[in-house]
Each structure stands twice: as structure tokens, then as C-alpha cells.
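K.L.:
Since the structure of chain U is provided, determine the placement of chain E on it from the hints.
The lines below spell out each chain.
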Amino acid sequence: MARAKKGVMSDLCLKGENVHLWRGDHHVLRGVRFQVGAGECLQLTGANGTGKTTLLRTACGLAYPEGGEITWCGQNIRADLSAFHAQLAYLGHEPPLKAELTARENLEYWVGVRRRLDRHELDAALARVGADHWADRPVRTLSAGQKRRAALAGLTLMRAPLWLLDEPTTNLDAEGQKLVGALIDEHVQAGGVALAAVHHELAVSAGRALRRMELTFA
Amino acid sequence: MPDSGAVTSPLRPAFSTAGDAAGAAVSAVGAARLVLARDLKLAFRKRSQLVQPLAFFAIVTTLFPLGVSPELPRLRPMAAGVLWAAALLASLLALELLFRDDAQDGTLEQYALSGRSLTWLLAAKTAAHWLLTGLPLALMAPLAGIALGAPGAAVPGIVVSVAVGTVALSLIGSIGAALTLGVRRSGALLSLLTLPLDIPVLIFGARATELAISGEAYGVPLQLLAALAVLGLTLAPLAAAAAVRINLE
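Chains as they are written, first to last, in the working numbering: chain U, 2 to 219; chain E, 1235 to 1483.
Only chain U is shown next, with the shape it has when bound in the complex (with noise of 0.2 Å):
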């Protein structure tokens, strides 16, 4: 049974081949290629407008390329795109998250959609974040960071095995960029797949697993 999941593992693979992709008469990603298996996080970095959110949108399927194509375990995310999601948890530039709404309240509906939550289990997530005194605070009443905060438990609720993130620092002080570090390096050192559209460094000490790929103006 563990070799089997190990194998599993092993096979967790998100690349892109190719991958053209237009908005309106601006072709943003030109040929665009990547890889990034199990075990590994790969940032994306380069200037604004260079298309970073574009292809992480293309790579979670919510954009689609006029050519080539993404592919998760060897197999075009188009085939099946229900399951392929259900693999995935994306983190945009905004955090989806009620003002009206406790971040207790918004996990528990977020990500309750996708899978069931013990109370346990959303505390520690809660906790882990740095959460736990102001969860029960609706989320118009907290700062952008302690939104990203709630976002961020969320991310790690979903269990899924590949994580897009667009600017996952964004709103963070030092402590809350070391945070989003250190998960990915849990993530990944789990067997996990990250690609994470970044400005400034991630704080990630998952030396060798983590790579770079800088894209430019085409």
C-alpha cells in the first residue's frame, strides 16, 4: 500500500507545452513550457503585465490557450477538468472572503463546498495561521493581511495536492511571509506541487525543491 502511494506520488506532475495564449490582440504567453512535479515548487517571477496571473489562470483550466497545452499526470487537463480541480487550490490576487462573514464562517463555507470540515481540524488550521483570537470577527472588521491570513487556512483545509498561488505574500508582514514559506515547504515536502506567481522571494528554506522561471515581455 505505501509503495502504491508512493508511486502515486511520484506521478504528480503539472506542465505546460507550448502554451500561446492571447487577450484581445496581445499574445501574453508565447510558447510558454514548464514542469513541476511532486516534491517541488516553482515560482514564477518577472514584470508586471509579463502574464504571471494569465498563466497560472491557463494552468488552474480557467483560461483557455489558443494553442498547446497543460497537462496534470500526463493527461490534458481538458479531459477532465471536474477532477483535475478537484485536485487543485487556487489563491488569487483577492482573498474569497465575506465582509459579512466571520473568517471562521467563510472557511467553513469556502471550503466546505469542496470537502467536509471537522471543527478540530478548522481550529487547527485557524491556529496554525495565526488566527485563533480574531476568527470569529467578521472579516469587514480585519486588515488586509489578516485576510490573506484566513485565506492562507483555507488554502491548507482544501488538501489538495497542487497549489497555484498569485501573490500569496501580498499584504504580509515579515512573520506572515515566513508563514507562507513555510507552508509551501510543507507542502511540497509532503509530496505536494506548488507554482506560485511571486514579486518579492519566497521565504521557502526547501532548497533544491525549489526552482524559477522568470518570464518577459514577448
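Read the hints as simulated data drawn from the structure, not as lab findings. The structure presented is a predicted model; accordingly, all values stated were derived computationally and were not measured. A couple of the hints might just be wrong.
Simulated pairs of lysine to aspartate or glutamate, EDC-like, Cα-Cα distance not exceeding 20 Å [to be verified]:
#, chain 1, residue 1, chain 2, residue 2
1, E, 1280, E, 1339
2, U, 16, U, 81
3, U, 179, U, 202
4, E, 1275, U, 109
5, E, 1275, U, 26
6, E, 1280, U, 101
7, U, 16, U, 70
8, U, 16, U, 67
9, E, 1275, U, 101
10, E, 1280, U, 137
11, E, 1280, E, 1330
12, E, 1275, E, 1335
13, U, 16, U, 215
14, U, 179, U, 168
15, E, 1275, E, 1330
P.N.:
Positioned in the frame of chain U, the structure of chain E alone reads:
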């Protein structure tokens, strides 16, 4: 997609993938129920949005007698038309917000990436819209009807026809709301898109209400209204999900 099952790690809990081998997967209906519960909770915490269409309906039906005539025999023939025009516009008023907030804060993106059926999730949001707009309108309509000269015996007919008709209006509106997601100040465009589709609902609904007020059998227009609601239930969530996916791209 290979079944990755659950992968354990000393550092963090098992990954749950491919339908969640750990048995914690949520069914499409379970996920939809959660979305419905969330939208209802949100609506009760943002009461101003909840009250707006109902206040609009009450104002229109109250002002009408002041503008036409306070005499009930003169108002009674117009009561069905007034009720339905006010109900349609009140329902439309709340539609603009149906998906907009969720699109802006990334919730719709998360729904689309949840691995659960977007059709079911959007159907749940539309159900919440009906529970918060259509159902209260159906419960308010008899009061407005009586103020416009409808007899007490017409109350069941008014409630049923407005309740069934607003189901169809919410479903048709969900397609328009999804199509206009990417448009700023989408209210006018939403009205242009949905009003032509709402006309049959208005015609059959007003006819059923009119027959109920005049004490005649209103079964036929009510059945046609129900047929429109069933048609909407079958097609609208699929169309709305497709439109949302296009807008998220």
C-alpha cells in the same frame, strides 16, 4: 486522472484527492445546500439589499391607487396587471446583485475550481434569490391585491401564481445576470436581455391572477406558468454556468 487516493505525511494531514478517498467528499447537492445556506445568511446580514425589492413593490402598488383612483371598482380590473408589473420589476431590481459580489471577490472562481458542479452551485444561488425575493413578493402580493380591490377569495390564486411566476423570473434572470457579469453598471443591459424572455411569464401570470380575482378557474394559465418555470429549471442553471465560465476566462 489517476486516483491519487490519500497520501499521508508526517508534516500535514493526508491529501484528499480524486473524489476524496478519505470519505469527506461533499456531494453536488450537499455543496449546493451549503451555498444556499451561505447566501441566506449573507442576505440576513445585509438587510438593506433584502428589503429593497420588497419596498419597491410596496411603493409601486401603494402609489398606483393614488395616481389612478381610490375607488375599488375602478382599481380591481387593473389589479393583476399592477401586481405583476411591480413584481417583475422588483425581481429584476435584485438580479443585478445575484452573481456580481461573488464575481468581484473571487468566490465564483473558487466555485468553478471546486471540482463540484457549477450548475448546481448556481442553481442554489438562484434558489436563494427566489427565497429572498420571489417568495416574500408572493406573500406580500395578496395584501397589495386586497388594497387594489381583489376579494379575499382570490388570495390563494394570487399567492400561487406570483410564487410560481417568480420562480421562472429568477431562473430567466440568472441567465441575464451571468451573461452581464463582466459589464459595469449592467442593470440596463440585464433588463434589455431578460425583459423579452419575461413577457410570457408576465402574460400568463397576470392572466392567472386576473382569473383568480374575478373568481374564475385559473388552472390553465397557472399550468402554463408552471411549464415555463420547469423549462427554466431545466435550462437556466446550465446556461448560467456556461455564461459564468466564459466570463471568468
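K.L.:
Look at each hint and say if it fits the structure.
P.N.:
Taking the hints in turn, this is what the structure says about them:
1. The hinted pair formed by residue 1280 of chain E and residue 1339 of chain E meets the criterion: a straight-line CA distance of about 16 Å does not exceed 20 Å.
2. At most 20 Å may separate the alpha-carbon atoms for a hinted pair to count; residue 16 of chain U and residue 81 of chain U meet this at roughly 16 Å.
3. With a CA separation close to 11 Å, the supplied pair residue 179 of chain U and residue 202 of chain U stays within the 20 Å bound.
4. The suggested pairing of residue 1275 of chain E with residue 109 of chain U holds, with an alpha-carbon distance near 13 Å, which does not exceed 20 Å.
5. A threshold of 20 Å between alpha carbons decides the hint, and for residue 1275 of chain E with residue 26 of chain U the separation of about 43 Å lies outside it, so the pair is violated.
6. A threshold of 20 Å between alpha carbons decides the hint, and for residue 1280 of chain E with residue 101 of chain U the separation of about 8 Å falls inside it, so the pair holds.
7. With a CA separation close to 8 Å, the supplied pair residue 16 of chain U and residue 70 of chain U stays within the 20 Å bound.
8. With a CA separation close to 16 Å, the supplied pair residue 16 of chain U and residue 67 of chain U stays within the 20 Å bound.
9. The suggested pairing of residue 1275 of chain E with residue 101 of chain U holds, with an alpha-carbon distance near 9 Å, which does not exceed 20 Å.
10. Restraint check for residue 1280 of chain E and residue 137 of chain U: satisfied, since their Cα atoms lie roughly 18 Å apart, inside the 20 Å limit.
11. With a CA separation close to 15 Å, the supplied pair residue 1280 of chain E and residue 1330 of chain E stays within the 20 Å bound.
12. A hinted pair counts as satisfied when its Cα atoms are at most 20 Å apart, and residue 1275 of chain E with residue 1335 of chain E qualifies at roughly 15 Å.
13. Distance restraint check for residue 16 of chain U and residue 215 of chain U: the Cα-Cα separation of roughly 16 Å lies within the 20 Å cut-off, and the hinted pair is therefore satisfied.
14. At most 20 Å may separate the alpha-carbon atoms for a hinted pair to count; residue 179 of chain U and residue 168 of chain U meet this at roughly 14 Å.
15. Proximity of residue 1275 of chain E to residue 1330 of chain E is assessed by CA-CA distance (about 19 Å); at most 20 Å being required, the pair is judged to hold.
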